[in-house]
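Colleague: Chain residues, written in single-letter form:
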Amino acid sequence: MTEGVAHGARATRTVATPRGPVAEFSRAGELKAYRDMLLIRRFEEKAGQLYGMGFIGGFCHLYIGQEAVVVGMQMAIKPGDQVITTYRDHGHMLACGMDPKGVMAELTGRRGGYSKGKGGSMHMFSKSKAFYGGHGIVGANVPLGAGLAFANKYRGNDHVSLTYFGDGAANQGQVYESFNMAKLWSLPVIFIIENNRYAMGTSVERAAATVDFSHRGASFDIPGEQVDGMDVRAVKAAGDKAVAAARAGKGPYILEMLTYRYRGHSMSDPAKYRTREEVDRVREESDPIERVKKRVVDGGMIKEDELRAIDVEIRGIVNAAAEFAQNDAEPDVAELYTDVFV
Amino acid sequence: MTMIEAIRDAHDVMMGRDDNVVVFGEDVGYFGGVFRCTKGLQQKYGRARCFDAPINESGIVGTAIGMAAYGLRPCVEIQFADYMYPAYDQMVSEAARLRHRSAGDFTAPLTIRMPTGGGIFGAQTHSQSPEALFTHVCGLKTVVPSNPYDAKGLLISAIEDDDPVIFLEPKRLYNGPFDGHHDRPVVPWSAHPLSEVPEGHYTVPLGSASVRRTGSDVTVLAYGTMVYVAEAAVSEQGIDAEIIDLRTLLPLDTDTIAASVKKTRRCVIVHEATRTSGFGAELSAIVQEACFYHLEAPIERVTGWDTPYPHAQEWDYFPGPERVGRALKRVMEV
Numbered sequence: 120m121t122e123g124v125a126h127g128a129r130a131t132r133t134v135a136t137p138r139g140p141v142a143e144f145s146r147a148g149e150l151k152a153y154r155d156m157l158l159i160r161r162f163e164e165k166a167g168q169l170y171g172m173g174f175i176g177g178f179c180h181l182y183i184g185q186e187a188v189v190v191g192m193q194m195a196i197k198p199g200d201q202v203i204t205t206y207r208d209h210g211h212m213l214a215c216g217m218d219p220k221g222v223m224a225e226l227t228g229r230r231g232g233y234s235k236g237k238g239g240s241m242h243m244f245s246k247s248k249a250f251y252g253g254h255g256i257v258g259a260n261v262p263l264g265a266g267l268a269f270a271n272k273y274r275g276n277d278h279v280s281l282t283y284f285g286d287g288a289a290n291q292g293q294v295y296e297s298f299n300m301a302k303l304w305s306l307p308v309i310f311i312i313e314n315n316r317y318a319m320g321t322s323v324e325r326a327a328a329t330v331d332f333s334h335r336g337a338s339f340d341i342p343g344e345q346v347d348g349m350d351v352r353a354v355k356a357a358g359d360k361a362v363a364a365a366r367a368g369k370g371p372y373i374l375e376m377l378t379y380r381y382r383g384h385s386m387s388d389p390a391k392y393r394t395r396e397e398v399d400r401v402r403e404e405s406d407p408i409e410r411v412k413k414r415v416v417d418g419g420m421i422k423e424d425e426l427r428a429i430d431v432e433i434r435g436i437v438n439a440a441a442e443f444a445q446n447d448a449e450p451d452v453a454e455l456y457t458d459v460f461v
Numbered sequence: 537m538t539m540i541e542a543i544r545d546a547h548d549v550m551m552g553r554d555d556n557v558v559v560f561g562e563d564v565g566y567f568g569g570v571f572r573c574t575k576g577l578q579q580k581y582g583r584a585r586c587f588d589a590p591i592n593e594s595g596i597v598g599t600a601i602g603m604a605a606y607g608l609r610p611c612v613e614i615q616f617a618d619y620m621y622p623a624y625d626q627m628v629s630e631a632a633r634l635r636h637r638s639a640g641d642f643t644a645p646l647t648i649r650m651p652t653g654g655g656i657f658g659a660q661t662h663s664q665s666p667e668a669l670f671t672h673v674c675g676l677k678t679v680v681p682s683n684p685y686d687a688k689g690l691l692i693s694a695i696e697d698d699d700p701v702i703f704l705e706p707k708r709l710y711n712g713p714f715d716g717h718h719d720r721p722v723v724p725w726s727a728h729p730l731s732e733v734p735e736g737h738y739t740v741p742l743g744s745a746s747v748r749r750t751g752s753d754v755t756v757l758a759y760g761t762m763v764y765v766a767e768a769a770v771s772e773q774g775i776d777a778e779i780i781d782l783r784t785l786l787p788l789d790t791d792t793i794a795a796s797v798k799k800t801r802r803c804v805i806v807h808e809a810t811r812t813s814g815f816g817a818e819l820s821a822i823v824q825e826a827c828f829y830h831l832e833a834p835i836e837r838v839t840g841w842d843t844p845y846p847h848a849q850e851w852d853y854f855p856g857p858e859r860v861g862r863a864l865k866r867v868m869e870v
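Listed in order, the protein sequences are those of chains X and D.
Per my numbering, the first sequence starts with residue 120, numbered consecutively.
Per my numbering, the second sequence starts with residue 537, numbered consecutively.
Hints should not be assumed to be uniformly reliable.
Where chain D lies over chain X, by a calculated footprint (3+ residues, C-beta under 8 Å) [claimed, not checked]:
no. : stretch
1   : 306-314
2   : 318-326
3   : 411-420
4   : 427-437
Listed next, with one range per pair, are the computed distances between beta-carbon atoms [what the hints assert, rightly or not]:
no. : chain 1 : residue 1 : chain 2 : residue 2 : range
5   : D       : S629      : X       : E449      : 42 to 52 Å
6   : D       : A584      : X       : E423      : 53 to 63 Å
7   : D       : R862      : X       : P262      : 27 to 37 Å
8   : D       : S638      : X       : N276      : 20 to 30 Å
9   : D       : S813      : X       : P262      : 19 to 29 Å
10  : D       : P721      : X       : A363      : 50 to 60 Å
11  : X       : T329      : D       : A584      : 20 to 30 Å
12  : X       : A453      : D       : G774      : 25 to 35 Å
13  : X       : A363      : D       : Y624      : 33 to 43 Å
14  : X       : A390      : D       : S629      : 19 to 29 Å
15  : D       : S771      : X       : S387      : 26 to 36 Å
16  : D       : Y606      : X       : N299      : 26 to 36 Å
To be clear, the hints were calculated from the coordinates, so they are not data collected in a lab.
Virtual Cβ for every residue (Gly too), placed ideally from N, Cα, C.
Same shape as in the complex, but just chain D (with noise of 0.2 Å):
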């Protein structure tokens, strides 16, 4: 399965299995979505359950929090994490403190997915990666998946969640794992491994990160795209470094991230939004809070450039495997 068809099967199993969930976004129904993450939804379970929204992001994100709130599980559909800003005061002021200013009487189970990151010449309103602009929101989730088994199953895991869950999915591996070399054929899904899906119900936890490469030199922190992006650089500078997909951004899976570095002693933090109060000064703060008397060198950041997402220069601005690779050998060299 790609992504695509993963997080298609997500709702899918979720729809059949609960009729509280409920499908709808801008060219989400008859459409089927932009990226057609929703195709043929509609003709399935109805127009009542999935259906196409106006053009109207505040609205949609609105209407989906009073409906969680009355015990709905509504996934909707951003159909660009670029396009969220107008919904963003929802899901702040709203979504994440409905738990905390009812006292738990009420919550807002509620799925927020939105396409994130670059590599499609989107320019600066289809390309952005605003990601930590939620996690330094308390209430809440972060999720951004790799593969199309951990799509599926965090998906799941996101909407039987009973609290408000941002479901970031990177454009450019929709269709094929990425690894940053741009100038090269295109790889499907297919010759992947995590392409296999099981059918059915499943999940993978929220708050858990995963090993996808275990290694004794360095730790590499990724999520999204730039897992792949790492896996090509670790392997280019044949460096036998330790590769963990975060999967979760929030809740973190702060163990495993300590585990790792106090192992390696050296870490490498890689992701595409850009650099100032990315996610990566959390992770970068968190890890030398954790194993500051471990570190042998300091800890280093690979990041988009603190611009604007430029459309002709594109791959200058994505931090691809020779930057990441840079960064590699000049924790190594310390």
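Okay, chain X solo, but in the shape it has when bound (with noise of 0.2 Å):
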């Protein structure tokens, strides 16, 4: 083998905004995702810290950054379409509606998680917000997306399946696999790529023998599309689109979010793979929130007051739920046999 047929030599690129239709929120729209983005970021700072403080111990991967993926896809769907999603995984619960307070105290290993503990960070799960986890297993969630998708059709209701995976994760066998059976079998799924441009330590260019994931569906027929994941607008309108054509019958459908974790890929990430200056660009050129805050203010629709009340109402949120994570009580000993065939 030579020099660079393993490794791949090409630079790695930018957060690219492709430019796709973006939804026109309401005022009620525009707040609801600066809302509901605030309240990721806020809880993932929160979650930082207590890792820090020695509060969390083990894995944890936060969404800061990716915030408008999940928050736009959940603008774009009804209750009871289920969400799964693989480790990185706080965002998407508060998105669906998950309690803080039931999260953050799994992350603390705390008998009021939504796991009672057992699961940590990346195992969580809510039967009554459709949220089908939390996987620390890359790419082994996405069959399971399709399932979710196969029952959909086999009980002849309309929901449909967002099956959340990464850029890593797209290079794993069985999403091809699942991609084959979603299309023989016209499920209803919605395959979302969160193209973070990181796979861990390991970049896109130096893992993908092609990098726009938007196309990996095209030889089992399966449209695609990439999306500028960090604008809310153009995620909720992309998934209106692929959320329509699934519901009417149409199929699987693939978006590729091309977003950005500000974060490492875990609090033990030395993060010698991407430069300081990488990451603030993207920071400045495109943050999610900071982008409704200046369309909504700087166009008059939003004075920055009410911005701020939201700030505070966020904050005291996730103080609260920072508060009961740390204070409530660890599980029983004997939880270690409950939930287990033995």
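Put the complex together from the two separate chains, hints included.
Modeller: Quick look at the structure:
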């Protein structure tokens, strides 16, 4: 093998901004998007702090920077539509309406956590919010997402399955088995590839033969689009289109969300695979929350005071979650043998 | 040297000696591995010999088998043992059987490394100890080092072996010997004699156990992290136990095990993996087959519980020195 064959010689791109349609947001829509994204941002910042203080141990993958993806998609679905994702899952749970206290308490391993402390950061679920986890194995959730869509079709309901995974998972074999079955059986599933540029420490250019993941369904005839995942309106517009197609019985759809995570892959990531400048540039130019803020304030739609009031409210929610998660009791040792077949 | 440095050094030695040795896996090249076990190898040997693979474990192992069949000696990393399941078909149906079904025409000289075990709050998908899934497969060799000296010597043996070797690295031991007292300060490798690692090439043969403590009252069979847990328990209970670090589960050093149990007439088996059909069950069967008329007490097993590895209750699951100590007392009281 010659030099460069295994490595790939292309340079890392910054976040591209494809020119797709953007959804028109009402005042209420803008406020909702702002609020939901801010809740994720502040929650994750608090989780990072609690990790640093030793209240959270082990694995903790923060969603900071990617908030527009899950919030925009959530605005495109209706209650009962299923959501399933991999391990960077806190944002998805909050966007699904799960209680921040229960999510944070799972991170700290307390009995009030969504999985009673058994699952931790990567393994949480909520049947009532149609959130199907929280999966620690890269790509392993994708066939499950197709299965959820199969169940919708079998039951004859019009629900769709939002199946999230990353650019890293997009190279797993079972993803393509899922694509084939989803198309073969015309399942109502949206495969959402959150391309945040790095599979842990490996950039997409070093891991993927072709870096436009929206084309990955081409050989199965699954339509795909690249979406500006840093613009919540673009996500909503793409989500509307894909969800409508799936609900109408046209089968699966792939949305590649071009996004970026500001923090490391996990809490132990030295982040030597990218420059500080690259991160700063994305934050300055594309931050999904700042974009809404600038748009609505500059456009005169919403006064800065109103946003500030939302900030205060969110901080209160997050602080209450952190308070609960630090003080809730640890699970009883007898819980080891509950919820398991023995 | 730490375990990490010793493992890296073994790669370095073998890549320097043999151009057929190639090293790859997720984040292995540019990043140097999630636990840094391949740090610097890409810079030293180039991107053709140490490189990143996409996140596709089945593909990683499958391509490595193809390379091995053609004469290369790939040493691949699965980032966590918990990630190996997509590759299990390749390991079982292809790697383990290539020699048999080609009547010896082809072999698969590859090494598959993976961090194993808990102790880092990894919860159910970053803490498992799946060694029994490998020992149950004929055609695979399964190795679990417990210290830097053995890690380097065993990894060199594994890479030089002409058959597939599963090399399980207890991740809690990477940076220091861990005796299960999670509430005490971390002990670095530098304070331990087995962190003395010779330069250059040497081997620790596969299939050879190591007697870590000689004693006359009871034999403790352990491997990986549990060697240190057993040492702590023995010392805390003040029992004159013989502790055997198995080092290689398959091939297994049954001679050393049988000689010891015949001497002490008692046996406690310790592993972190779940109990039912765990490797301890096999060890227990072997001991009773070889030593039935010498035994003074039923064989004890101390293992992880038959539950998924819990997040919050990691230390209730982990078979620490207290649980091992209770088992030691039980066998001594018979």
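Colleague: Evaluate each hint against the coordinates.
Modeller: Hint by hint, here is what the structure shows:
{"no.": "1", "hint": "306-314", "verdict": "violated (count 0)"}
{"no.": "2", "hint": "318-326", "verdict": "holds (count 6)"}
{"no.": "3", "hint": "411-420", "verdict": "violated (count 0)"}
{"no.": "4", "hint": "427-437", "verdict": "violated (count 0)"}
{"no.": "5", "hint": "D/S629 - X/E449: 42 to 52 Å", "verdict": "43 Å, holds"}
{"no.": "6", "hint": "D/A584 - X/E423: 53 to 63 Å", "verdict": "56 Å, holds"}
{"no.": "7", "hint": "D/R862 - X/P262: 27 to 37 Å", "verdict": "43 Å, violated"}
{"no.": "8", "hint": "D/S638 - X/N276: 20 to 30 Å", "verdict": "52 Å, violated"}
{"no.": "9", "hint": "D/S813 - X/P262: 19 to 29 Å", "verdict": "26 Å, holds"}
{"no.": "10", "hint": "D/P721 - X/A363: 50 to 60 Å", "verdict": "59 Å, holds"}
{"no.": "11", "hint": "X/T329 - D/A584: 20 to 30 Å", "verdict": "22 Å, holds"}
{"no.": "12", "hint": "X/A453 - D/G774: 25 to 35 Å", "verdict": "32 Å, holds"}
{"no.": "13", "hint": "X/A363 - D/Y624: 33 to 43 Å", "verdict": "40 Å, holds"}
{"no.": "14", "hint": "X/A390 - D/S629: 19 to 29 Å", "verdict": "39 Å, violated"}
{"no.": "15", "hint": "D/S771 - X/S387: 26 to 36 Å", "verdict": "32 Å, holds"}
{"no.": "16", "hint": "D/Y606 - X/N299: 26 to 36 Å", "verdict": "30 Å, holds"}
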